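Asker: Chains as they are written, first to last, in our numbering: chain A, 737 to 1071; chain B, 737 to 1071.
Just so you know, the hints here were simulated from the structure itself, not pulled from any lab data.
The list treats identical chains as one, so a pair stands whether inside a single copy or across any two.
Capping the alpha-carbon separation at 27 Å, the derived lysine-lysine pairs in DSS-like fashion look like this:
1) Lys881 - Lys932
2) Lys749 - Lys911
3) Lys1034 - Lys991
4) Lys739 - Lys749
5) Lys991 - Lys1035
6) Lys738 - Lys911
7) Lys749 - Lys738
8) Lys739 - Lys911
9) Lys986 - Lys738
10) Lys1004 - Lys991
These numbers were taken from a predicted model, which means no experiment stands behind them.
Chain residues, written in single-letter form:
Number of protein chains: 2
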Amino acid sequence: MKKVGNQSYILNKPVNIAATASIVGPKEKEGPLHQFFDQCLEDEFWGESSWEKAESKLVKEAVSMAISKSGIASSNIDFCFAGDLLNQCIASSFGLRETNIPFIGLFGACSTFVESMIMASALIDGDFATNTICTASSHFCSAEKQFRFPLELGNQRPPSSQWTVTGSGAAILTKDGTGPFITSFTPGKIVDMGIKDANNMGAAMAGAAEDTLVRHLTDTGREPNYYDVILTGDLGYIGKDILIDLVSSKGYNIKDIYNDCGVLMFYKEKQDTHSGGSGCGCIATVFSGFVYQMLQEKKYKKVLMIATGALMNSTSTQQGESIPGIAHAISIEVL
Amino acid sequence: MKKVGNQSYILNKPVNIAATASIVGPKEKEGPLHQFFDQCLEDEFWGESSWEKAESKLVKEAVSMAISKSGIASSNIDFCFAGDLLNQCIASSFGLRETNIPFIGLFGACSTFVESMIMASALIDGDFATNTICTASSHFCSAEKQFRFPLELGNQRPPSSQWTVTGSGAAILTKDGTGPFITSFTPGKIVDMGIKDANNMGAAMAGAAEDTLVRHLTDTGREPNYYDVILTGDLGYIGKDILIDLVSSKGYNIKDIYNDCGVLMFYKEKQDTHSGGSGCGCIATVFSGFVYQMLQEKKYKKVLMIATGALMNSTSTQQGESIPGIAHAISIEVL
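Sequences are here, hints too, so could you generate the full structure?
Answerer: And the structure:
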């Protein structure tokens, strides 16, 4: 690899994305991307007795589907990188406890999916791995219950709030293959904008997205239009607008090529999700479903994925803390 | 690097541990290792208004102390790997939000410290990094409050329970230097022994420790006595005995060279911690304090550190789930 600038890396040999899989919930099934997902559930329980167990099953089944599509024996997979939003990341550990693959647990909040692809790419490029799994998940009901209020209360949600995506995405990264390829990445720093409103995550994370995006462009010497599309993970409508403004103040116009996975996931008017989708599963499923297919069909040839995470919990909010954000970027190209 | 066997790696160029720092709480100050820690606190709050904020301060100060000891400018540090036990790892993200260093959040429960050293070593060996920080923390009061009962209740603890260490350890890993060196590692798989008693973590994690230890020895072709000492992270008295039995059934006798950081941290009789210490901070501080000094003084020349983690949360226990364990191993040598 070649380090460029302060915090970006260009891989010696682009890392192949051999296969992906995505499973989403019933609300995502009603959204505009439904035809791109491998499986859409009819309800949030999927036959399990709790939302947490359903989320573990999402992880388990998405990973096993991705492995199966890749045609690689799971005994030939060197590392599994995974994480989620549940306390102590139990969706990943329970979902993957039977895989029998060395397991590296990650926590980057909703940035976890790209974080996992960065770590996997680095280990493949550094010759530590030939085949790896990357996965992340979230679940609307388990997240609401844990971070906000019991769903049974039917609390009103403010207009700036986002809707946690129920879904899990998984990608198999390999040393060899025909692409699409991961060609470079920019790991992010923690950026705290001082936002304290836990119902306005998009605003809290936009500063981190700006920091990583501008850093990526500066380090690589690229203009935004090097990419066919730049996608953030889950800034939603509000965070998306803030990001456009922030990078514009740094001299970059991204308006025409930029979108957000949380914006893409749901219909704005009729699905009533307010500021759009969020959660680790948002970028994980939009990438593993929609974006990967666009790359395979060469409708996109160069994509910059920037996953954004809010590094807080309900206790920190109750204690009056602000919400630190993080964003990790990875570029994926058809070569 | 050279992959040996199924899941172990020998580094091309041993990775240098340039400096470490450790800060512990008042109970650890009364334990047998107190003289090895850089700082021992007088109380669990350290001037903060909550235990969570005190834990963040532990992380912040241990990292800044380690950076300062290493003499490396923080602008020359490529990655920070960190994690803890609090929901959504807030001790790490709040403690490190001002570092301005690319941040990779990890969750491996109490295996996090060695997990961070594995990722940092791989990135240094793979030429992605020159200097890195590895850190992990735990706090008795924030952990009891989150995982068990309000401390104010004064609940009785069963004899198999362990005492979460209040402390943070940090290590600076670099490409060049005079050692001690990380020479190899074995990342672990998730192993679920079916234990459901959240007050018997040692038993729940012993199977993972066995799996990783036996895998490490088989992969490298080493006998246990290749090492001066083999140390697990926090199996405690009960888990330690189980591990000795389990590996004995595989034909390895580790009795004379094996110990556990949770056993080392407290006096068994007079400190009333029952089965010993636990928490991410246990192996992090015992390594960063005691073990690192032993290596520097060449009293130990070859050490195998096996950090163990229980991948559960309080919801999974309430839902009747068993406790999956994981263990990551790293060997550190004076060359």
